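Undergrad: Turn these sequences into a full structure, and let the hints guide you.
Below, each chain spelled out in residue letters.
Protein chains: 2
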Amino acid sequence: MKKQKVSDAVIHRLPRYYRYLDELHNKGVVRISSNSLGQKMDITASQIRQDLSCFGEFGQQGYGYNVAELRSEIGHILGIDSGYRLIVVGAGHLGHALLQNFDFQKVGFQVDTAFDVSPALIGTKIHDVTIRPMEELEHYVEEYHPNVAVLTVPQSVAQPLADRLIALGVKGFWNFTNVELSTQTKGVFFEDIHFVDTLLTLSYRISRPEELY
Amino acid sequence: MKKQKVSDAVIHRLPRYYRYLDELHNKGVVRISSNSLGQKMDITASQIRQDLSCFGEFGQQGYGYNVAELRSEIGHILGIDSGYRLIVVGAGHLGHALLQNFDFQKVGFQVDTAFDVSPALIGTKIHDVTIRPMEELEHYVEEYHPNVAVLTVPQSVAQPLADRLIALGVKGFWNFTNVELSTQTKGVFFEDIHFVDTLLTLSYRISRPEELY
Numbered sequence: 001m002k003k004q005k006v007s008d009a010v011i012h013r014l015p016r017y018y019r020y021l022d023e024l025h026n027k028g029v030v031r032i033s034s035n036s037l038g039q040k041m042d043i044t045a046s047q048i049r050q051d052l053s054c055f056g057e058f059g060q061q062g063y064g065y066n067v068a069e070l071r072s073e074i075g076h077i078l079g080i081d082s083g084y085r086l087i088v089v090g091a092g093h094l095g096h097a098l099l100q101n102f103d104f105q106k107v108g109f110q111v112d113t114a115f116d117v118s119p120a121l122i123g124t125k126i127h128d129v130t131i132r133p134m135e136e137l138e139h140y141v142e143e144y145h146p147n148v149a150v151l152t153v154p155q156s157v158a159q160p161l162a163d164r165l166i167a168l169g170v171k172g173f174w175n176f177t178n179v180e181l182s183t184q185t186k187g188v189f190f191e192d193i194h195f196v197d198t199l200l201t202l203s204y205r206i207s208r209p210e211e212l213y
Numbered sequence: 001m002k003k004q005k006v007s008d009a010v011i012h013r014l015p016r017y018y019r020y021l022d023e024l025h026n027k028g029v030v031r032i033s034s035n036s037l038g039q040k041m042d043i044t045a046s047q048i049r050q051d052l053s054c055f056g057e058f059g060q061q062g063y064g065y066n067v068a069e070l071r072s073e074i075g076h077i078l079g080i081d082s083g084y085r086l087i088v089v090g091a092g093h094l095g096h097a098l099l100q101n102f103d104f105q106k107v108g109f110q111v112d113t114a115f116d117v118s119p120a121l122i123g124t125k126i127h128d129v130t131i132r133p134m135e136e137l138e139h140y141v142e143e144y145h146p147n148v149a150v151l152t153v154p155q156s157v158a159q160p161l162a163d164r165l166i167a168l169g170v171k172g173f174w175n176f177t178n179v180e181l182s183t184q185t186k187g188v189f190f191e192d193i194h195f196v197d198t199l200l201t202l203s204y205r206i207s208r209p210e211e212l213y
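Chains as they are written, first to last, in full-length UniProt numbering: chain Z, 1 to 213; chain U, 1 to 213.
What the hints contain is simulated information worked out from the structure, not anything from laboratory work. Treat each hint with caution, since some may be false.
Identical chains blur together in the list; that is why a pair holds if it fits in one copy or across any two.
Stated by the list, open to error - Here are the simulated lysine to aspartate or glutamate pairs, DMTMM-like style, with alpha carbons at most 25 Å apart:
no.: 1; residue 1: K27; residue 2: D42
no.: 2; residue 1: K106; residue 2: E180
no.: 3; residue 1: K40; residue 2: D128
no.: 4; residue 1: K106; residue 2: D192
no.: 5; residue 1: K27; residue 2: D81
no.: 6; residue 1: K5; residue 2: D128
no.: 7; residue 1: K40; residue 2: D8
no.: 8; residue 1: K40; residue 2: E180
no.: 9; residue 1: K106; residue 2: E191
no.: 10; residue 1: K40; residue 2: D197
no.: 11; residue 1: K27; residue 2: D192
no.: 12; residue 1: K125; residue 2: D112
no.: 13; residue 1: K27; residue 2: E191
no.: 14; residue 1: K5; residue 2: D103
no.: 15; residue 1: K125; residue 2: E69
no.: 16; residue 1: K27; residue 2: D128
no.: 17; residue 1: K186; residue 2: D42
no.: 18; residue 1: K106; residue 2: E73
no.: 19; residue 1: K186; residue 2: E210
no.: 20; residue 1: K125; residue 2: E142
Computed from a predicted model, the values in this text were never measured in an experiment.
TA: Now the structure itself:
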């Protein structure tokens with residue numbers, strides 16, 4: 001494995017590679033050339049080869065990629081086989097929707113439990129995940145050390161809540177609060193979900209349909 | 001305005017530009033250099049200049065950009081001032097969360113109404129938006145011609161529903177169903193929300209914290 005600084009752009013393309021390869025794999029495709037994969041993904045074959053070269057040697061000149069192998073290698077690079085565990089903090093409508101519909105297992109995450117302040121929710125289960133009272137959050141994290149917290153709480157509590165969880169050792173935040181979170185602690189990462197970006201992309205496309213063909 | 005084919009990469013960066021400029025504008029920042037903007041956004045100044053050159057001439061050599069002007073010009077390019085109207089199809093947990101928390105108005109979209117099959121929801125309001133029965137969908141779209149449909153329905157009905165709406169003239173789909181939608185109709189666009197990509201990016205980062213500093 002070569003050691004080099006991997007750019008943000010490459011990091012953001014990795015999940016897309018995984019998603020496309022997973023789809024091809026499920027369709028029973030065994031091999032694919034970088035040209036065909038590039039066409040599907042709307043990037044160039046040389047971009048694909050360059051991206052993958054950050055992580056080692058993949059595929060054989062003239063034979064393309066073995067789909068199952070490349071899928072599992074990229075999955076490994078992404079940490080899908082690391083056994084990460086997460087908690088969902090906030091079981092309102094968005095938290096509920098994620099617990100109910102999102103296939104965490106498929107990308108290697110186990111959902112430990114969820115937390116909420118609402119007495120109506122505490123003690124109930126959503127898709128087999130128990131909702132616990134927020135008062136138990138600190139004790140739970142101290143004892144079970146989940147790697148990631150999904151934040152689906154109101155904006156006003158987002159940063160203080162993140163601070164508490166960081167102090168307890170949580171390393172990753174899947175942040176749906178629309179608050180730009182920050183920390184001084186090294187090794188802690190936030191992935192902010194910006195719903196607005198995709199809606200604006202859509203707005204652009206319907207505004208200029210002639211440009212896209 | 002120059003006419004040229006704008007790449008997907010540029011189109012995807014435009015909403016980010018808008019988001020950062022909007023934030024700067026709200027903080028009262030009047031001017032910003034492409035260097036400072038690039039540092040904030042983690043891209044190079046020359047990338048910014050190159051991206052913006054697709055759409056005309058912005059900023060003055062040595063003076064940087066007027067934040068308010070560039071924000072409104074990019075907003076215009078994105079179609080924020082086009083008066084687009086949308087409907088939300090599916091008022092389950094995710095639809096509910098979007099109606100309740102997402103600031104559609106801020107990016108120039110008016111939410112006309114929402115549709116659902118559940119008798120318990122029909123006739124209720126979420127954040128001033130009325131939930132109508134699915135049986136009224138066709139008639140409503142024929143009469144009011146919304147530009148965009150937000151799809152927060154079960155996977156099994158996603159494609160047939162999109163087909164019906166496309167036949168009635170809907171041009172854009174903000175697609176939360178995790179189904180890859182397609183159409184033969186020109187001028188129709190899908191923006192798929194891939195929650196999984198950001199969770200995998202997070203997984204990557206917590207797997208290789210040493211690479212990121």
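Undergrad: Now tell me if each hint is right for this structure.
TA: Against the structure, the hints:
With identical chains, the CA atoms of K27 and D42 are at most 25 Å apart within one copy only, with a shortest distance of 20 Å there and 37 Å across copies. For a Cα distance limit of 25 Å, the shortest separation of K106 from E180 across copies, 17 Å, qualifies, whereas the shortest one inside one copy, 28 Å, does not. Taking the shortest Cα distances, K40 and D128 never come within 25 Å of each other, neither inside one copy (36 Å) nor across copies (41 Å). With identical chains, the CA atoms of K106 and D192 are at most 25 Å apart both within one copy (21 Å) and between copies (19 Å).
Taking identical chains as interchangeable, the C-alpha atoms of K27 and D81 lie at most 25 Å apart only when both belong to the same chain, with a minimum of 22 Å there against 42 Å between chains. Taking identical chains as interchangeable, the C-alpha atoms of K5 and D128 are never at most 25 Å apart, the minima being 40 Å within one chain and 49 Å between chains. Proximity of K40 to D8 under the C-alpha cut-off of 25 Å is found in both arrangements, the shortest distances being 22 Å within a copy and 14 Å between copies. Taking the shortest alpha-carbon separations for K40 and E180, only the inter-copy value of 13 Å comes in at or below 25 Å, while the best intra-copy value is 33 Å.
Taking CA atoms no more than 25 Å apart as the test, K106 paired with E191 passes in both settings, with 19 Å inside one copy and 22 Å between copies. Proximity of K40 to D197 under the C-alpha cut-off of 25 Å is found in both arrangements, the shortest distances being 22 Å within a copy and 17 Å between copies. In this assembly of identical chains, the alpha carbons of K27 and D192 lie at most 25 Å apart only when taken from different copies (20 Å versus 31 Å within one copy). In this assembly of identical chains, the alpha carbons of K125 and D112 lie at most 25 Å apart only when taken from the same copy (12 Å versus 34 Å across copies).
Within a single copy, K27 and E191 get their C-alpha atoms only as close as 30 Å, which misses the 25 Å cut-off; across copies the closest is 23 Å, which meets it. For the homomeric pair K5 and D103, neither the shortest alpha-carbon distance inside one copy (31 Å) nor that between copies (37 Å) is at most 25 Å. Neither within a single protomer nor between protomers do K125 and E69 lie at most 25 Å apart by alpha-carbon distance, with minima of 37 Å and 50 Å respectively. Neither within a single protomer nor between protomers do K27 and D128 lie at most 25 Å apart by alpha-carbon distance, with minima of 30 Å and 44 Å respectively.
Taking the shortest alpha-carbon separations for K186 and D42, only the inter-copy value of 18 Å comes in at or below 25 Å, while the best intra-copy value is 35 Å. Taking identical chains as interchangeable, the C-alpha atoms of K106 and E73 lie at most 25 Å apart only when both belong to the same chain, with a minimum of 15 Å there against 41 Å between chains. In this assembly of identical chains, the alpha carbons of K186 and E210 lie at most 25 Å apart only when taken from different copies (10 Å versus 46 Å within one copy). Taking the shortest alpha-carbon separations for K125 and E142, only the intra-copy value of 22 Å comes in at or below 25 Å, while the best inter-copy value is 41 Å.
Of the numbered hints stated above, those contradicted by the structure are hints 3, 6, 14, 15, 16, listed in ascending order.
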